[in-house]
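Number of protein chains: 4
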Amino acid sequence: MSKLRVVVWGENVHESTHESVRRVYPNGMHTVIADGLSESGDDLEVSTATLQEPDHGLSEERLASTDVLTWWGHTAHGEVRDEIVDRVQKRVLQGMGLIVLHSGHYSKIFKRLMGTSCSLTWREAGEKERVWVCNPGHPIAAGIDTSFEISSEEMYGEPFGIPSPDEQVFISWFEGGEVFRSGNCWHRGNGRVFYFRPGHETYPTYFDANVRRVIANAVRWACPRGQWVDSCPNVKNALEPIEVKGESVH
Amino acid sequence: MSKLRVVVWGENVHESTHESVRRVYPNGMHTVIADGLSESGDDLEVSTATLQEPDHGLSEERLASTDVLTWWGHTAHGEVRDEIVDRVQKRVLQGMGLIVLHSGHYSKIFKRLMGTSCSLTWREAGEKERVWVCNPGHPIAAGIDTSFEISSEEMYGEPFGIPSPDEQVFISWFEGGEVFRSGNCWHRGNGRVFYFRPGHETYPTYFDANVRRVIANAVRWACPRGQWVDSCPNVKNALEPIEVKGESVH
Amino acid sequence: MSKLRVVVWGENVHESTHESVRRVYPNGMHTVIADGLSESGDDLEVSTATLQEPDHGLSEERLASTDVLTWWGHTAHGEVRDEIVDRVQKRVLQGMGLIVLHSGHYSKIFKRLMGTSCSLTWREAGEKERVWVCNPGHPIAAGIDTSFEISSEEMYGEPFGIPSPDEQVFISWFEGGEVFRSGNCWHRGNGRVFYFRPGHETYPTYFDANVRRVIANAVRWACPRGQWVDSCPNVKNALEPIEVKGESVH
Amino acid sequence: MSKLRVVVWGENVHESTHESVRRVYPNGMHTVIADGLSESGDDLEVSTATLQEPDHGLSEERLASTDVLTWWGHTAHGEVRDEIVDRVQKRVLQGMGLIVLHSGHYSKIFKRLMGTSCSLTWREAGEKERVWVCNPGHPIAAGIDTSFEISSEEMYGEPFGIPSPDEQVFISWFEGGEVFRSGNCWHRGNGRVFYFRPGHETYPTYFDANVRRVIANAVRWACPRGQWVDSCPNVKNALEPIEVKGESVH
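Chains as they are written, first to last, in the numbering used here: chain A, 49 to 298; chain B, 49 to 298; chain C, 49 to 298; chain D, 49 to 298.
Derived from the structure by calculation, the hints contain no laboratory data.
All of these numbers come straight from a predicted model, not from anything done at the bench.
One or more of the hints may lead you astray.
Put simply, identical chains are the same to the list, so a pair is met inside one copy or across any two.
What the hints assert, rightly or not - Restricting the straight-line Cα-Cα distance to at most 20 Å, the calculated cross-link-like pairs of lysine to any residue (SDA-like) are: (1) Lys-176 with Glu-295; (2) Lys-176 with Asn-285; (3) Lys-293 with Val-72; (4) Lys-176 with Ser-68; (5) Lys-176 with Gly-224; (6) Lys-293 with Glu-197; (7) Lys-138 with Ser-113; (8) Lys-284 with Glu-295; (9) Lys-284 with Ser-195; (10) Lys-284 with Ser-200; (11) Lys-138 with His-125; (12) Lys-176 with Ala-286; (13) Lys-176 with Asn-258; (14) Lys-138 with Tyr-154; (15) Lys-176 with Lys-293; (16) Lys-293 with Phe-255; (17) Lys-176 with Ser-296; (18) Lys-51 with Asp-83; (19) Lys-138 with Cys-280; (20) Lys-51 with Pro-187; (21) Lys-284 with Ser-199; (22) Lys-138 with Arg-160; (23) Lys-176 with Leu-287; (24) Lys-176 with Ala-257.
All chains, please: the whole structure from these sequences, using the hints.
The following block contains the structure:
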């Protein structure tokens, strides 16, 4: 059986500009996320891509052979070129899965696929987050207890400016008093999109076993179901007999 | 009671370039759509805007005082400036209603709000379209019989590349054998979006009493429910006592 | 303009069997909920109905002239007669609004309309609940700040066994560490259904100004949009010419 | 790898009471549906159950070891015992897939899971049905062309009294002029539900290769994703420190 081809995309900026981030992720956050996926089973073929590579590491060829893409970005959303965003969106609509992580809520690709502001409220105080499972039978929650805790995280709070999720998998409770829809599923075109909240760069969140488990589950949930290349075709011939009437502008 | 302020936006290109269109809509399609709305009741204050005006007729000021915008475009989607699309999207997310008509399925603003391809199949043969009501109690279907016919229309067929509608109001049957989700509701941010299929420019569709009734209903359905200006605020102070831990990148 | 006719239904059992409830609601919870609605504006015509009345106060005639029904029950769900549940469901599908409160999550009518378990986790410890607004522009959240607190409430926690809400209006944070989808909208048939969590009978929750505001908003949101009496009709005559083939079992 | 355990449930009444049905399905419709599934791949373990068997063939034990149930009924919906419907619903909410066929739209189990009228309009004239694919990438449409035809079928038309589907897979066009949402997906609890329209008992629809392919795809799509036995637990101990306040009614 062929492996699921996963590309872990990382912005890879704060790792070099902020000592507090480098200390936690000396080889980049993308490397740690990729390691977590690789260790989750031998059904995955995991590689990484970063902003700094040509085409941000996402050439047409590479995307064409990617089944699921994970996306973490924060400070450099604006540097992601629009044509690459177009390319990723097109692949999602064809069937590629997309897992958007944490501050990726404000990435061009997530905003593009949602059509909404994707805004939220936030606080960077290292407070405790407790992630609750809303649907214990959902494959993305497999192996997760009724809830799990992350001792230090950035807070994200409602309102979260998204379309109603197709399925609500997780909601987070924060020590400071907020709540947040932290695990949300959507279908867009033929692709599946999952947003997962945890993962601020100054905390070792992507080493957490529960967080790794969720991302590993999500990647498998988002695997392509088929492929649909959409072209807006002109179907000149009708299946039923018709008589052409009126004039044409085409 | 204050009136609902409706702006009817028209691309206004084929009316001057195609004699077949000018014959049907000598003063522009937008004028006819606006007339239909004005005649539907004195609770509306209707005006028009076109591609050719400065800011395509959609200045910040004007949009700020618009409750519902209707959108018809076809051949010049690419000429709509991105900053105006940003502006319209922002207003929809704040609460402005948007009614997208016919070939507006491929407009920048509709694709922006849907996040999907918005593609479909099509045939320009002037065939009969029969529009069926899927939810007779929906306010957009008020006053419409179980179905109504348009004798000559362009065909649009499935697959229609949209996210699942929040509510399905109409589905069309075509003489040539196709079907199409022709009346679809979505919520995006705080705004309501309705797509309505009929309205090819070579046919007198916007003079049709049923079509006018649907658009008039839709405008009232899409009236703003409130306003939400979304800003992604940093909430430094927690409602519960917390102790700041870890480092910050902000 | 005619008033919106609201019936506040109360189970009205714990008020007489539990001194702790009688002390808070000496004239019944339904009376207090109804008072809150009456005081919210003179566009409502509010009355009450209880389990103990003939037909539980919900005769065919009365339901036929009810625009919105609110439902609070807890200990006696099983005593609500199935034929009355059938009757209420039928009216909701025709267009009557339904506001289900607190422990009404386990009422026959709510389970009937949802089709799911409607289960949740719970704890009766009088802890603090903070209700967060997920969509500040939603009419049910009108006049509510970003969040509001109830000092003592029963806790309800996820997983909540419901179909994905059409719109998420509120999510609650609990002092003890849980979260809950506490304000949820659905469309069923032509009717609107809103579930609102707060309202344990040993606390004065229905005297709370924010809670009253939400219920008052919800009643107006749920007002009928039209009416659809659904009958599964046999349409012997086709709109297009057909030739009858095959045999019939009818 | 263990096989997917599928039970094909058939009402099995018209096969003996109507010669026109017996001629097409001498061994019962369920047998033909089961044969189609068995021939679709050796990953399925297919068996049948009928109304006439003890517990309608759906004992607790059997349901507990069923992954996906298909349901065809028409004239005897009322004879299905409520306790069996409770049992099937419970299993669906836990994760069992359910494929509802044709006149099963009016079965107790489908109405139970939808919460709506499930009504439609209908005509028994053996007219042509053309089933269109709305999402070519959906696994239930795998191997199906853009549309397929069934030469003689009963007509079902809109409005179809269902909650908005989570995903729209098929919409049908009828010779007589109607349309119908003929392939609809929902999630309920942890289970997946698919409704598929074709299958009137006087026509050989369940011998049709496309219809068989759709049902075979649907069964695999609906395979359980996990299991969730929902129990409304009282969680006495909070994860955060709380002080019990107020009184209890439990």
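Hint check, failures only:
No numbers; nothing is violated.
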